[in-house]
Amino acid sequence: MSQVASLLIALPLISAFFVPVLKRIKQSLIMPYLILITLIQTGIAGWVFYEVYTTGKPIIIMAGGWRPPVGINLYIGPFAALFVLIIAVVSFITAVFSVKAVKVEPIDKYAMLFLLLMLGATGMIATGDIFNLFVFMEITAITAYALTAYNKTGEAAEASMKYIVLGGIGSSFFLIGVALLYGATGTLNMAHLAELSTSINPIVAQVGLALVIFGLAVEAELFPLNAWAPDAYQAAPHPITVMFSAFVVKAGLYAMARILYLLQKANGWSSVLRLVLIMATLTVIFAELSALRQRDVKRMIAYSSIGQIGLIALAFSLGTQAGVDAGVFHMLNHAIVKAMMFLGVGYVGITLGGTELEKFEGLGKRMPLTALALTIGAVSTVGVPLFNVFWSKFRIIVATLQAGFIWPAILVLFASMVEAVYYFRLVHTMWFSGSGERVKEGWIVIFLLLLAVLVVAIGIYPTPAWEIVKRAGSDIFAVANYVKNVPLMGVIQ
Amino acid sequence: MLKRVLAIITILIIGYWLAEGLANVPFGQDKMLVGQYYLNHVKEQTGAVNAVTAVVVNYRGFDTLGEVTVLFIASTGVAALLWRRKRERTAKTPGSVVLTTGSKLLFPFIVLFGMYIFIHGHLTPGGGFPGGATIATAFLLMYLAFIVYEIPHKGFETTEGLAGMSYVLVGLIGLAIGGYFLFDWIWQTWHWGTSNLGRLFSGGFIPVIYTIIGIKVGTELSGIIDNMLKEEVKE
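Going down the list, the sequences are from chains A and B. If you're matching positions, the first sequence starts at 1 in this note's numbering and goes up one per residue. If you're matching positions, the second sequence starts at 1 in this note's numbering and goes up one per residue.
Read the hints as simulated data drawn from the structure, not as lab findings. Glycine is no exception: its CB is placed at the ideal position from the N, C-alpha and C atoms. A few of these clues could be false.
[Claimed, not checked] Computed footprint of chain A on chain B; a stretch qualifies when at least three of its residues, placed anywhere within it, have a C-beta under 8 Å from a C-beta of chain A:
1) 33-41
2) 154-162
3) 199-206
Input sequences plus hints: build the corresponding full structure.
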């Protein structure tokens, strides 16, 4: 029965392949079709989530019926179940949003790429095989390149070009890293790799891990390799920006954390961890300082999103259970808040024709509900108590201090203050300056308000979310448990 | 100048670092944990004589499904980015008679050879991707030799989609019959061709999937060529 969960991969694939056929039948059916498929995907993801969290056992999908490490397995544990659900829900919301936001032709190609972006992220999070991870990473990355340039403006082409060059270099590094790890162990399965990790030569482990981390850092937007991100966020169609921020980055980050913790028994592991810690701290500082001087709101929130990603990476690089839990909690909160922010900003962008700061003057009078959602998002991101991000930020900083890293904690707190400055400037612009006539707001506001309610609900009553997140976090941290759950064939002779 | 020197020094450092890592990988020693399993069991478990195709399509078929998707994305992406309302080929110089006649004559042979490659994927080196690429080469030849040649778009796009769907469908039939996605039902449930090892009608679902991949890759690469050769026409 549990093998049916492979529909999570099969459904978006077969639906994407069906679009060219559907286009021949009737062009205007494509957008409703996209919404329908993402809705079904949400249903399947919801069922998987329920299944995993009630039985407490991960769903292991064995492709082709081969037991790992001979075949490829998908591992849908608590973490994957949670994030596959988030991916499906966010995709559904953005699919609905796309109907209004994407008018540029060719719509059929947009629908295919949209479905495959969802598929790629789902696969990255669910896979239990390191080369399969590479394949899904390529699916995600190449759809992301194409969708970034989808608007066909000069700006979008440039952003996509930067992304494609950096992404290409990143994935080749990743592939070399995988080759080294395969050369050292003779297996590609993650659980098997974790079992064999003690026997890897320390230099090989270090070089291999560092290459893998560097490759994934492009997707995960860590400091020296994230130059593409603000441009891509700004130039991509509005719904795609929501997807980038809500789950594409998360998939990269998760993959990074998963591989790091799989090899925690390997010699030389802690120095790689320190590398990630430095990259993460620098990401937070640079992104927040860059956000401070942006005049375009979409770009500003893009930088803010990168800063938050740095915070999650910092939590993952601490090497403690508390840190990983806090990181996963922040991933969940960030997905909700940033999906809401980018939806709101994108909605303003298509209603008022641009996302410059001037367009947001008097938004509180013109589009009060959108402005309300954006305000809640802004206040929450800064980390004000009674909003969800406060709890995860607080836990990350506590975990950092517990792990004995005083300087990163101070720097990150400083960055939060910078964040407060530009977010409150935005809030001020929206409510206390300018004026204007009331603009009619469409039904997309319903989604914005639902997300806003979620933000406040988790903020006031964080325990249920925290319980879920703790299980998801131990899924990453407790590798022994992970290995035990994968039905390995044993060491094959 | 300074930039170049710095770049060379950085590359040398990275190269040394990589070499250091490579030097410690035990090449030549027996590290074939999973590899040995494939070699020992490939014939009776998959029916393929070609171990590489058995690994690529059967044992690790999930990766191949992903790679097919990557190519699909590439062709869709190119089509999306080069999309204009009206586009035409604007080549000016026609090829010589020798070139056009030669291409016309060669075209069926190249297509035939491409089909040979993907149909015999489980027996000889090659498979769906090289076979499909060979077929696309035939279309490239037609594009280069003639200034007005165009592939039938509607048919090609639909075929591409249908081929992709059939790959997933074969996998889903496996889920229904054998209980696993991408399960080789032809070989493992029906035992079809088990006495025929090494001949054309064996290899479980490998030839079926390779035919699908061959068609898909052929149409996709031809579509990319078509998109890249056309320019926008202003009315």
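Comparing the hints with the structure gives:
With a cut-off of 8 Å between beta carbons, the region 33-41 of chain B has 6 residues touching chain A; three or more are needed, and the interface restraint holds. Counting residues of the region 154-162 of chain B whose CB lies closer than 8 Å to any CB of chain A gives 6, which reaches the minimum of 3, so the coverage claim holds. Chain A is given as covering the region 199-206 of chain B, and this is violated because 0 residues of the stretch bring a CB closer than 8 Å to a CB of that chain, at least three being needed.
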